[in-house]
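Whenever a hint applies, use it, and build me the whole structure from the sequences.
Numbering (the numbering used here), first residue to last: -11 to 153.
Hints are computed from structural coordinates only; laboratory data are not their basis. Please read all numbers here as calculations on a predicted model, not as lab measurements. Do not take every clue at face value.
Derived CB-CB ranges, DEER-like [as the list claims (entries may be wrong)]:
(1) ALA10 with LEU50: 31 to 37 Å
(2) LEU139 with ASP103: 43 to 49 Å
(3) LEU32 with PRO138: 20 to 26 Å
(4) GLU101 with ALA10: 23 to 29 Å
(5) ILE7 with ASP103: 41 to 47 Å
(6) ILE54 with GLY104: 16 to 22 Å
Don't be surprised by glycine CBs; every beta carbon is placed ideally from N, CA and C.
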Amino acid sequence: MTEKMEINETPQSVPEPHIPGARYAIDPLAFFFALVSAPVVVALLFFWMLAIPVFAVAVGGLPYLIVGTPVLLIYLHYRKGSPQGTAGCAAITVIVGCVLAITSAVIHGDLHEMDGILTFGITAAVHATAWGFAFGKLYNRWRSDLSRRPLPPYPNQHLKGPIPC
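As structure tokens, then:
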């Protein structure tokens, strides 16, 4: 009934440590389907809350795709892509966007726009975090095994300066 664990096996609940300088391949099919379906899954799970998540998909879907795609591609190239990491990445992206919008409003003197920016920013931060977490869960479930291992280092990475001909 009880099985012995091999010495080199790790339990599923223990996350693997981050390898500094590691790069990971991105599974394009899993990335696309997770990116598109994460907001829909969150909306389907929480639509009973006054239809706010459904409205959020309609309002925030395009910014999520335009801004979230490159941010997640860069993040996943250098990280393993845990759901907590993608959720944090999404939240930080929204917070940075809100800080930039508030800074622009202050510089241009549009202080009457602050309440709209803050309302949209708080709502967007909540939904972006949920969408990022759902993206991380779906991507990790659908990605191939090749994208889970670090890529080999660049050839001639040890050379300094121009590569000799």
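Hint numbers not upheld by this structure, sorted from lowest to highest: 3 and 4
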